[in-house]
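Novice: Chain A is fixed; fit chain B onto it per the hints.
Sequences listed follow chains A and B, in order.
Heads up: the first sequence runs through residues 1107 to 1473, numbered per my numbering.
Heads up: the second sequence runs through residues 1107 to 1473, numbered per my numbering.
Read the hints as simulated data drawn from the structure, not as lab findings.
Being a predicted model, the structure only gives us computed values, none of them experimental.
A portion of the hints provided could be inaccurate.
Identical copies go unnamed one by one, so any copy, or any two together, can satisfy a pair.
DMTMM-like cross-link-like pairs, simulated, lysine to aspartate or glutamate; straight-line CA separation at most 20 angstroms [what the hints assert, rightly or not]: (1) K1263 x D1110; (2) K1263 x D1216; (3) K1321 x D1110; (4) K1235 x D1216; (5) K1263 x D1218; (6) K1112 x D1218; (7) K1403 x E1137; (8) K1403 x D1354; (9) K1403 x D1458; (10) K1235 x D1354; (11) K1235 x D1175; (12) K1112 x D1354; (13) K1310 x E1426; (14) K1421 x E1445.
There are 2 protein chains.
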Amino acid sequence: MVFDYKLLANNYISSLTPYQPGKPIEELERELGITSAIKLASNENALGPSPKAMLAAQNALLKSHFYPDGGCFLLKQTLAQFLNVATHQLTIGNGSENILEIIMKSYLSDGDAAVISQYAFLTIPLLIKSHGGELIKVSALNYSHDIPGMIAAVTEKTRLIFIVNPNNPTGTYTTDHDLKLLLESIPSNVLVVLDEAYHEYIKKSDYPDTLKLMKTYPNLLITRTFSKVYGLAALRLGYAISSPDIADILNRARLPFNVNSIAAIAAEAAILDQDHVKRTVIMNNEGMKQLEEGLNKLQMDYIPSLGNFITIDVKTNANEVYQKLLHQGVIVRPLIPYEMMTHLRVTIGTTDQNERFLKSLKLVMGK
Amino acid sequence: MVFDYKLLANNYISSLTPYQPGKPIEELERELGITSAIKLASNENALGPSPKAMLAAQNALLKSHFYPDGGCFLLKQTLAQFLNVATHQLTIGNGSENILEIIMKSYLSDGDAAVISQYAFLTIPLLIKSHGGELIKVSALNYSHDIPGMIAAVTEKTRLIFIVNPNNPTGTYTTDHDLKLLLESIPSNVLVVLDEAYHEYIKKSDYPDTLKLMKTYPNLLITRTFSKVYGLAALRLGYAISSPDIADILNRARLPFNVNSIAAIAAEAAILDQDHVKRTVIMNNEGMKQLEEGLNKLQMDYIPSLGNFITIDVKTNANEVYQKLLHQGVIVRPLIPYEMMTHLRVTIGTTDQNERFLKSLKLVMGK
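Chain A with its partners taken away, still in its complex shape (with noise of 0.2 angstroms):
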């Protein structure tokens, strides 16, 4: 009899579902034989990395056959300045995906519960589920995170609470209102991790100042990343800002070498090109503008977004609509996954991209 190692596995691991990342240009190009398609499925920076932080990562290859500072001394010191908070409430991961990791395996055991909303990033429960963890999932408000909703499922169980603002992919944003009234809702051993991949985007004056509440909130924990503003998602690099006590744990929980050289490196030139993030700002509220006028006039619902993204309601199957998008070397993000079997996310791409996109789109829904 041969042995099943499948069943051998723990069960929250081998019932996992592996999650679906958007389709890489060459694996389209390779399928259809076409050239010049454009992704515009993952949230990435249209407008590519800053030079300086490219320029910064070659010199670093120069050293990559010797271990990385794991401390991330260097890249520690030019975050906690930029942030004005201290370098020990820092931890720094393998993309925020390893944050969140790192905090699951830190403060979640098996049977405990943490709560996230309806449409919350995939990512989140995935990580809730391999860690052994109790999903509780709350129904959205108008694909917005009903904050009373999550109040009220807070139970004895609970150890950790997601609010991921703006939510991906919906791109609709939890108020500073609406999070003061949750953290002062709900007992402080019950941790709140605020997920602002998209946090650089965001001009709106009721839109949280979380580093601000944290000196009052301790059980407040923020991941940011810097695949979105920053565009250097190859390269894999994400951060907490926390307590420091929080930010120890973190710290012993993470591999020894868990973030590479070059990330470092990049990310702190990155951190000092301000001007390049300014630019990217700049092209995304264009970009925003310009898709949000063109679905106005294809008479297309979309939800109002934050984000370097939106998401389109294509009022039929999102799939179909995908699939004839590829065809035209065009790849975007149905959100079938997340249940919105009518939905599409769309990136904010450069003037050309977009206009390429809504192109595409008219002829594929035959307007």
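Specialist: What follows is chain B alone, placed relative to chain A:
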């Protein structure tokens, strides 16, 4: 009352002693105000990375704003062809420490036991503890794995056995005969993980051919790395070879984007540059001879090693010798964390580095 967020953490995380990495060159130079320090402390490749791998990495930087291919399609193709295994037998990780972590996350639960040898690479017991596993440490025999002892330590609770081959930091190895004895003696529901980080350095007829053994023993997993002979430690890339069923589980347990693009692309080019591997192995063999002869002249004891490092018994407090060597600008590794109180581990360097180490050691030991 201020809430204690350290106490709130899972106790197998908060009780961890973080891994102490080798001291970075920059740190020593900063502290002592010196330049031209050398580091023989982390078993890095003194020859550096393959120039072809670096060229590939430079080109890969141009796409830094795109997410990596989570499935590492191209790297797996190249690696599978090189190893003569199937792509679905491979799991790619953020260094082999990430691979070890994924194995434990998949196959170790709270209260399960894992068997290791005394003096096994310290990251392994650290990871076992951080997954709530019970650590069964079997005393070494002449600094080597005691295979009959490890067999005897297996109980119904045992899920994993780790064999580091050759072992870091002792350089000793487990023979084909002993490994077969182990595999024949234990139940097939116990997974045997062979950490072969230094595999490429070895030309010994009785060193086990684990890829061949895997065909008979599907409970065998092999982990390897690009941090040693391939000289890509900064980039973080390791991999596992296993049966397809185990690989399926490990690929569910990994993060969606656990491997950065630069590492994947550099590794692919590095595999194709086996000339660089050959040059590295020749340099290592010559350097090992140089160090052995130098140590013989100084009448100092060492443990014969199959890796790219050698462990020396200084017969006095290793930490004091380490400190004195630091003041000579030479960084090595005292093995106090392994409870080897009079041993120093020294990486094989270039001819000049080896010479400088021997001179400094002579001076420091008053020989």
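Novice: Using 20 angstroms as the alpha-carbon threshold, which applies to K1263 and D1216: within, between, both, or neither?
Specialist: both (11 angstroms within a copy, 18 angstroms between copies)
Novice: When Cα atoms must be at most 20 angstroms apart, do K1403 and D1354 count as within-copy, between-copy, both, or neither?
Specialist: Neither way: K1403 and D1354 sit 52 angstroms apart in one copy and 47 angstroms across, limit 20 angstroms.
Novice: Regarding K1112 and D1354, is the shortest C-alpha distance of 20 angstroms or less found within a copy, between copies, in both, or in neither?
Specialist: Between copies only: 8 angstroms across, 35 angstroms inside.
Novice: Using 20 angstroms as the alpha carbon limit, work out where K1403 and E1137 are close: within a copy, between copies, both or neither.
Specialist: Neither, since 33 angstroms and 64 angstroms both go past 20 angstroms.
Novice: I want to check one pair: K1263 and D1218. Are their C-alpha atoms no more than 20 angstroms apart within a copy, between two copies, both, or neither?
Specialist: Answer is within: at 5 angstroms inside a copy they meet the 20 angstroms cutoff, but 24 angstroms across does not.
Novice: Since the copies are identical, ignore which copy is meant and state whether K1235 and D1216 lie within 20 angstroms (CA to CA) inside a copy, between copies, both or neither.
Specialist: both (9 angstroms within a copy, 16 angstroms between copies)
Novice: Have a look at K1403 and D1458 and pick one of within, between, both or neither, based on CA distance no larger than 20 angstroms.
Specialist: within (18 angstroms within a copy, 71 angstroms between copies)
Novice: What label fits K1235 with D1354 when the C-alpha limit is 20 angstroms: within, between, both, or neither?
Specialist: between (24 angstroms within a copy, 17 angstroms between copies)
Novice: Since the copies are identical, ignore which copy is meant and state whether K1321 and D1110 lie within 20 angstroms (CA to CA) inside a copy, between copies, both or neither.
Specialist: This pair counts as between: shortest inter-copy Cα distance 15 angstroms, intra-copy 51 angstroms.
Novice: Checking an output row: K1310 and E1426, CA cutoff 20 angstroms. Within, between, both or neither?
Specialist: neither (35 angstroms within a copy, 58 angstroms between copies)
Novice: At 20 angstroms max between alpha carbons, let me know whether K1235 reaches D1175 within a copy, between copies, both or neither.
Specialist: So K1235 and D1175 fail the 20 angstroms test inside a copy (31 angstroms) and across (23 angstroms) alike.
Novice: Should K1421 paired with E1445 be assigned to within, between, both, or neither, using CA atoms and 20 angstroms as the limit?
Specialist: Answer is within; shortest intra-copy Cα gap is 14 angstroms, inter-copy 67 angstroms.
Figure legend: structure checked against the earlier numbered hints; hints not met, in rising order: 7, 8, 11, 13.
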